[in-house]
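Peer 1: Residue strings, one per chain:
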Amino acid sequence: MTTEYRKPLPYIHNETRAYWEGAKAHELLLRKCRTCGRHHFYPRDFCPLCFSFDVDWVKASGRGTVYSVTVCHRPAPGFEKDVPYNIVLIELEEGVRMMSTVVGCGNDEVRIGMAVEVVFDDVTADVTLPKFRPVG
Amino acid sequence: MGSLRKKAAIVGVGESDLGYTPDKTFLQLIAQATDRALNDAGLRKGDIDGFFSAGWLTMESIMVAEYLGIQPSYSDNTLPGGSAFEFHLEHAAAAIVAGLCETALICYAETPLADRKRGMGRSFATGAPQEPEEQFEIPYGQWVPIPTYALAAQRHMYQYGTTSEQLAEIAVAARAWANLNPLASMHGPLTIEDVLASPMMSKPLRLRDCCLVSDGGGAVIVTSAERAKDLRKRPVWVLGCGECHTHRSISGMPDLTVTPAKYSGERAFRMAGLGPSDIDVLELYDSFTITVLLQLEDLGFCPKGEGGRFVEGRRLAPGGQRPTNTGGGGLSFLHTGMFGIFLLIEGTRQLRGECGDRQVGGARTALCNGIGGSLASSGTVILGVDRS
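Listed in order, the protein sequences are those of chains A and B.
Position one of the first sequence corresponds to residue 129 (our numbering), numbered consecutively onward.
Position one of the second sequence corresponds to residue 5 (our numbering), numbered consecutively onward.
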């Protein structure tokens, strides 16, 4: 039952609603600057690289690599039953980095440099978390 | 760029009761440390016109000033994490040079151990909902600080082949220094094997890779070059300072193997007109073993990627070529939450030759580097004394 989900959920607001609506529709959306052409993460109403406010939402390929990984043996609140669990930083093909979790393999199989692709975990009726799984 | 070289000096230092202080509030500890620092300097509270403090409570700085009975003409509560007091020292020196104050108090205390035992511990696990980390990191089980530093350690191991044994060297050296410091919380032998056998916290960081949780506080008195000349202790000159922060969330760190110490260190060395080979004593924020290793590289004490090999063979320990964290550091002396003030206190005492069994012979220069947040902020201070 999704109503039993006890872990922290994101506070979704105007600036990031499109990202979370995208996730709900199983699409990973990124902000891309129309002025300098670069992507950024987390999504803002402007480009933090060139400070243009002319930014678009674009669909990411969903592919990337593991930039770093740790396996937590001490849980964050709400994750007590999950230990040990992995936390990763994913470098997306678009050049931005985001935090996530790798699913579909053991914690010790998650390696830096490993190719991954996005999967979507509908944790509640309202919130879907982008996670990643190994490719190939 | 303006230089603060030798325009201000640390003239008084003191710490409060340390370790576990269930009978005292953080305010009592700040008063105690301030009194001791003033006595050390031979100054009185009425001499203080610049006030610098940092803490987690709402408007804590003005609360502390009220408690101490100080109404400053210059006040700064910059809070970039545990490096706050290195930032404060630079700001105090700048304010003194600008004539906005003459004698500054930098003070801080915290009681996380006593608070935790009472069930009143403060949690870093949750912030305000609007913080980006709450939205994009916390839902994945992220918490500050251990997993964030673990991510950096893993990346360094991947890029440069750094090992857990090499990280353990840093904890072993800190314990060896603590064994020479009667005030240290942790005494007794600690080997690389002991560190590797301690419980895994967040891979690759084990319990003994992580700093302690302690109560305590400290105070530092800074004054103008002119005022410093005829006080109780010989002046410990501020030779160079630098500061930088590059991100807040670990996802936003531009390169997980490069801390802002690279930039704060460059600025401090340039101001001081010195380089790494001119430094006798290192006081580097050791929230975790990896924190020290990254600072050694970023401050230029060894090339990037060489930190693991550099710390081997007890190089940082008593009798080693590069004395580092001579009081035992956050790993074995104590760690209250923001260790940066203790870096300044120990650096000052080493330069005055007051450190007894752990004294580094002939020390004339010390580099104190604070790191705050998720390897996010860095304040570098280079201190020195005149030849006597």
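Keep in mind the hints are simulated off the structure, nothing from the lab.
Be aware that a few hints might be false.
Unchecked claim - Computed, partial: chain A to chain B, Cβ under 10 Å:
#1 Thr163
#2 His167
#3 Tyr170
#4 Arg172
#5 Asn235
#6 Ala243
#7 Val251
Nothing here was measured: the structure is a model prediction, and the numbers come from that model.
We put the CB at the ideal spot given by N, CA and C, even for glycine.
Peer 1: Hint by hint, say whether it matches the structure.
Peer 2: Taking the hints in turn, this is what the structure says about them:
A least Cβ separation of about 21 Å between A:Thr163 and chain B goes past the 10 Å threshold, and the interface hint is therefore violated. For A:His167, the shortest C-beta to C-beta distance to chain B is roughly 14 Å, which exceeds 10 Å, and the interface hint is violated. Because the beta carbon of A:Tyr170 sits about 5 Å from the nearest beta carbon in chain B, less than 10 Å, this interface hint is met. Annotation: interface hint on A:Arg172 holds; nearest CB of chain B at approximately 9 Å, less than 10 Å.
With a least beta-carbon distance of about 8 Å to chain B, the hint placing A:Asn235 at the interface is held under the 10 Å criterion. For A:Ala243, the interface hint is violated, the least distance from its beta-carbon to any beta-carbon of chain B being 15 Å, above 10 Å. With its C-beta approaching chain B no nearer than about 8 Å, A:Val251 sits inside the 10 Å limit, and its interface hint holds.
The structure is inconsistent with the numbered hints 1, 2 and 6, although it conforms to all the rest.
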